[in-house]
Amino acid sequence: MSNGKIPEASETFGAESAEALQALRIHELSVRSDPDDPESSLRLDSVSLRLEPGEWLTLVGVNGSGKSTLARVLAGLPEAGATGSMARGFAGVYPAAYVMQNPDAQLFGETLREEIQFALEWSGQPAGLFAERTEAALGLSGMEELADLPWSELSGGQRQLAAATAAAAGGGPLLVFDEATSMLDETAGRALRDLALSHHRNGAAIVWVTQRLDELEPEHRVMAMSRGRLVFDGDGRTFLYGSPPGAERSPCVQCGLRLPYLAELALEMYRRGDWAEPLPMSEREWAEKRRKAGLERE
Amino acid sequence: MSDDYPSLLAARGERVLELRPGTITVLMGPNGAGKTHRLEQLAGLRAPDGARIRFGKEPLWLPGKKKAPRLNRQALLQYAYAAQSPEEQLFARTAEEELRAALAPYSLTAQAQDERIGSSLEAVGWDDSWRVRGPFRMSGGEKRRLALACLLAAPARWLLMDEPTAGLDAAGQHLVAERMREKRAEGCGILIVSHDSEWALQLADRVWLLTAAGELRELEREELLARPDYWEEAGLPLPAWLSAAGSLIRGGLPPELALDPVAAAAEWARREQAAAGSEAPDVPGAALSDAGARLALAGRISLASRAAAEPRAAFSRDVPCGALDAAEPLAAASLGEAGMRRGSGGDGRAVKRDERTSRSPSRRAGTGPLASLDPRAVWLSYVMLSLAIFALREWSGVAAAGAVVAAALALGRISLRRWRAAIFGFALFTLLVSALAGIGWNGTFRIDAFWMSLHSMARTFLVMLLGLGLAMAITPLRLKRSLELLLSVRGTLPVLAQKIVLTLTLIVRFIPVLLSEWQRFARFAIARDKETGRSAGSAIRRIRGTAMPLLLGLFRMGEQVAFALESRGVGSRKTPALARTERWRKRDSALVLVSAAIAGALWLLFS
Chain V
1 MSNGKIPEAS ETFGAESAEA LQALRIHELS VRSDPDDPES SLRLDSVSLR
51 LEPGEWLTLV GVNGSGKSTL ARVLAGLPEA GATGSMARGF AGVYPAAYVM
101 QNPDAQLFGE TLREEIQFAL EWSGQPAGLF AERTEAALGL SGMEELADLP
151 WSELSGGQRQ LAAATAAAAG GGPLLVFDEA TSMLDETAGR ALRDLALSHH
201 RNGAAIVWVT QRLDELEPEH RVMAMSRGRL VFDGDGRTFL YGSPPGAERS
251 PCVQCGLRLP YLAELALEMY RRGDWAEPLP MSEREWAEKR RKAGLERE
Chain X
1 MSDDYPSLLA ARGERVLELR PGTITVLMGP NGAGKTHRLE QLAGLRAPDG
51 ARIRFGKEPL WLPGKKKAPR LNRQALLQYA YAAQSPEEQL FARTAEEELR
101 AALAPYSLTA QAQDERIGSS LEAVGWDDSW RVRGPFRMSG GEKRRLALAC
151 LLAAPARWLL MDEPTAGLDA AGQHLVAERM REKRAEGCGI LIVSHDSEWA
201 LQLADRVWLL TAAGELRELE REELLARPDY WEEAGLPLPA WLSAAGSLIR
251 GGLPPELALD PVAAAAEWAR REQAAAGSEA PDVPGAALSD AGARLALAGR
301 ISLASRAAAE PRAAFSRDVP CGALDAAEPL AAASLGEAGM RRGSGGDGRA
351 VKRDERTSRS PSRRAGTGPL ASLDPRAVWL SYVMLSLAIF ALREWSGVAA
401 AGAVVAAALA LGRISLRRWR AAIFGFALFT LLVSALAGIG WNGTFRIDAF
451 WMSLHSMART FLVMLLGLGL AMAITPLRLK RSLELLLSVR GTLPVLAQKI
501 VLTLTLIVRF IPVLLSEWQR FARFAIARDK ETGRSAGSAI RRIRGTAMPL
551 LLGLFRMGEQ VAFALESRGV GSRKTPALAR TERWRKRDSA LVLVSAAIAG
601 ALWLLFS
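Protein chains in written order, with the UniProt record's numbering: chain V, 1 to 298; chain X, 1 to 607.
Hints were generated in silico from the structure; no laboratory data involved. Note that beta-carbon positions come from the ideal geometry of N, C-alpha and C, so glycine has one too. One or more of the hints may lead you astray.
[Stated by the list, open to error] Reference listing, derived: stretches of chain X covered by chain V, where coverage requires no fewer than 3 residues with Cβ under 8 Å from a Cβ of chain V:
{"no.": "1", "stretch": "29–38"}
{"no.": "2", "stretch": "138–144"}
{"no.": "3", "stretch": "423–433"}
{"no.": "4", "stretch": "506–514"}
{"no.": "5", "stretch": "565–572"}
[Stated by the list, open to error] Taking beta-carbon pairs under 10 Å as the criterion, some of the chain V residues facing chain X (in silico):
{"no.": "6", "residue": "76"}
{"no.": "7", "residue": "98"}
{"no.": "8", "residue": "118"}
{"no.": "9", "residue": "232"}
Could you build the full structure based on these sequences and the hints that come with them?
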């Protein structure tokens with residue numbers, strides 16, 4: 001593309017009428033690291049995918065694998081040097097909420113209430129609804145009490161939750177979290193994830209970019225990236241253990257991520273013949289395994 | 001050995017924290033407990049807040065003759081420091097130059113320097129061809145490796161690292177762990193801040209556990225593994241992997257075995273069979289000897305066993321693996337040393353948390369009486385008073401205006417302390433410009449010209465004070481909104497006005513961020529260059545090492561800010577909806593009337 005932008009809703013995808021119900025589709029998308037140099041390396045290499053309305057997609061990969069670039073494209077942010085086509089479908093023509101690692105680069109106001117207000121001003125909603133919307137956003141993240149405190153009174157985790165609250169206040173059909181929990185401890189990370197889950201329950205599609213494998217859900221869709229290419233698209237359990245299970249076949253290991261201790265333990269149990277598929281993954285499943293071995297905490 | 005490598009001590013009151021050579025200590029704790037702050041204090045990058053820190057014989061701070069204490073360069077030379085995202089600190093044109101900068105503080109011969117550069121490149125799996133590579137053309141992972149090489153290159157006895165695995169792939173995390181094991185075997189003392197418990201506890205000998213309230217508990221690794229309640233007390237949820245491994249440990253499996261997934265699986269299988277009432281022997285020995293035999297083969301229990309399963313990417317190609325065996329188990333001798341203090345987490349004198357000062361100097365969201373007023377009223381008052389001040393002709397008027405400004409700041413309870421440097425600078429500038437204006441063609445000093453110039457500059461100065469006060473009292477976004485409401489025509493704002501107002505708001509908003517970023521990189525420059533001098537030369541060197549990373553950091557942040565704004569629809573939607581959040585009340589009218597009266601009085605009396 002000479003203008004360096006990804007074309008919107010290309011005609012190759014046909015009917016525009018039921019656009020709101022259509023999947024977001026990306027076809028043969030490539031992005032060069034230097035838009036002006038056709039020889040430069042590819043940050044994204046012929047990526048094609050469909051994202052259905054209301055779907056939860058976890059995107060994993062090591063640094064430099066292209067997952068952030070793909071996340072920005074999915075969020076509808078302009079990407080210089082992109083070729084290929086994209087139909088925004090249910091995500092609409094305006095960019096989706098996009099939450100990054102560093103809260104301080106995404107907060108423009110001085111308090112959360114101000115921040116939400118600022119987000120709503122540009123959300124395309126009538127000003128009359130702002131007050132109501134602000135309260136709803138605060139309620140969803142449970143931050144009512146912190147709404148009027150200056151950022152210096154909030155912890156890093158709370159500031160990050162604030163940034164996500166404001167970004168999602170517009171109530172769009174798609175939210176993109178780009179390694180939003182990477183600077184957070186488990187408690188703060190979980191709070192942010194709960195906020196994303198609330199929006200998901202309300203019908204929003206979520207793209208959750210992460211390197212933290214403890215955030216994978218067995219049944220959620222996982223896509224893994226390596227060197228700009230999509231190398232895996234399947235459920236969380238298969239990503240972690242492979243199919244059939246085996247350390248060598250684990251897509252997780254293949255895309256350069258560290259296999260967690262628990263996954264190694266489970267794989268060893270499988271190798272020994274003690275456990276069969278499905279291998280445990282969620283907290284509940286592990287608790288069950290502990291109970292069976294008489295290891296449950298008293 | 002203890003003579004050569006005495007401990008790193010941090011004392012506050014009677015509480016003494018000790019880092020021993022040849023050990024790896026991991027500092028853990030919840031977000032906001034101040035882990036990074038503690039690490040920076042140990043490195044002398046932050047004021048010690050009353051703690052006495054000593055690297056062996058060298059105190060970190062020397063008492064100043066008249067002024068504040070100053071850093072002891074000999075102590076700084078004892079450690080190498082890797083901040084969070086150490087790749088952001090790189091500033092040189094080539095990898096070799098970067099490594100030379102890390103070695104420059106140490107008086108090494110050219111040959112010794114060259115050898116260290118070569119061996120540190122080798123330690124991260126690189127050959128000599130990497131010397132001429134430019135850091136700014138490297139990928140993120142390569143930059144991280146160069147930063148690790150810089151850490152390893154310095155002939156330092158202590159390594160201080162902040163979140164070394166964040167953002168690294170499996171091979172990179174493995175590489176860091178291996179190099180740390182080697183350094184430990186060489187006798188280095190290592191302190192690592194990490195929230196990656198699974199990685200860090202494989203490596204650790206000891207743990208400093210920081211609670212959310214800022215209290216610090218010293219533990220042997222094994223104690224932490226076996227005590228879920230310690231995690232809870234620190235405000236950390238027990239990691240899922242440890243609730244599994246921990247239950248095996250409490251069931252009698254030695255912690256070193258529980259940390260190895262293969263040995264843990266053997267024990268788990270045994271427990272499962274026992275629980276199912278099968279005929280498996282219910283003696284821990286059976287599985288243990290099995291696991292034990294495996295361990296004798298595998299050598300030290302560690303991530304090493306996992307490394308085999310991991311893809312050996314380009315990373316481990318040149319990494320010497322034989323060095324692994326050099327890593328000793330916990331040195332029992334040093335554990336038994338007298339004077340060791342441990343497990344005293346409940347100590348009331350524990351170093352108190354100091355979160356407020358550890359934060360970036362972010363401004364307070366508008367407080368004081370003015371915050372409750374409509375920004376438009378405040379803004380109108382500011383404009384009227386400013387115009388009146390600019391119209392003043394007499395010196396008596398300037399004096400009166402000075403009184404008005406002082407009264408306004410006092411009544412609004414606005415402190416301009418934050419801006420004292422800027423205010424002082426402008427005052428100096430005012431005097432200087434006036435003095436220059438007074439110097440005539442023939443070298444004589446014309447006092448009337450001096451006064452005239454000073455008079456006009458003084459008015460600007462007063463308006464500036466008032467403007468700074470306004471910026472302090474009302475947050476940038478409120479100010480922006482009030483400007484938009486003032487400038488909007490029938491509910492919409494002209495595009496040009498919109499752009500100008502948004503740009504100004506963002507500039508004001510990010511000034512504190514800019515300052516804190518400068519301070520951050522300046523701290524790292526101290527850790528790298530070990531510059532403690534106050535001479536002009538050292539100041540210039542410090543600026544050089546700070547400016548480049550800062551500039552790149554600002555580019556990165558600018559990009560993120562742009563993403564954040566675009567994702568909120570700024571730029572793609574033509575007209576933002578303006579919320580009429582502010583309500584004009586009686587007190588707003590009162591403020592405007594009073595200001596108008598004062599402005600009018602100034603104008604009538606003095607112009």
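In terms of beta carbon proximity below 8 Å, does the stretch 565–572 of chain X have 3 or more residues touching chain V? It holds, with 7 qualifying residues against the three required.
Restraint satisfaction for residue 232 of chain V [CB to CB of chain X, less than 10 Å]: It is violated, given that the least Cβ distance between residue 232 of chain V and chain X is near 14 Å, above 10 Å.
Restraint: residue 76 of chain V near chain X, CB-CB cut 10 Å. Satisfied or not? 8 Å, holds
Would the stated hint for residue 98 of chain V survive a check requiring a Cβ distance to chain X of less than 10 Å? 4 Å, holds
Using a Cβ cutoff of 8 Å, are there at least 3 residues of the stretch 138–144 of chain X near chain V, or does the coverage claim fail? Contact hint for the stretch 138–144 of chain X vs chain V: holds, 3 residues under 8 Å.
Outcome, coverage of the stretch 423–433 of chain X by chain V - at least 3 residues whose beta-carbon is closer than 8 Å to one in that chain: violated (count 0)
Against chain V, does the stretch 29–38 of chain X show at least 3 residues with beta-carbon separation below 8 Å? It holds, with 3 qualifying residues against the three required.
Whether chain V covers the stretch 506–514 of chain X (at least 3 residues having a Cβ closer than 8 Å to its Cβ atoms): holds (count 3)
Hold the hint about residue 118 of chain V up to the distance rule: shortest CB distance to chain X must be less than 10 Å. 6 Å, holds
Comparing the model with each numbered hint stated earlier shows that hints 3, 9 do not hold.
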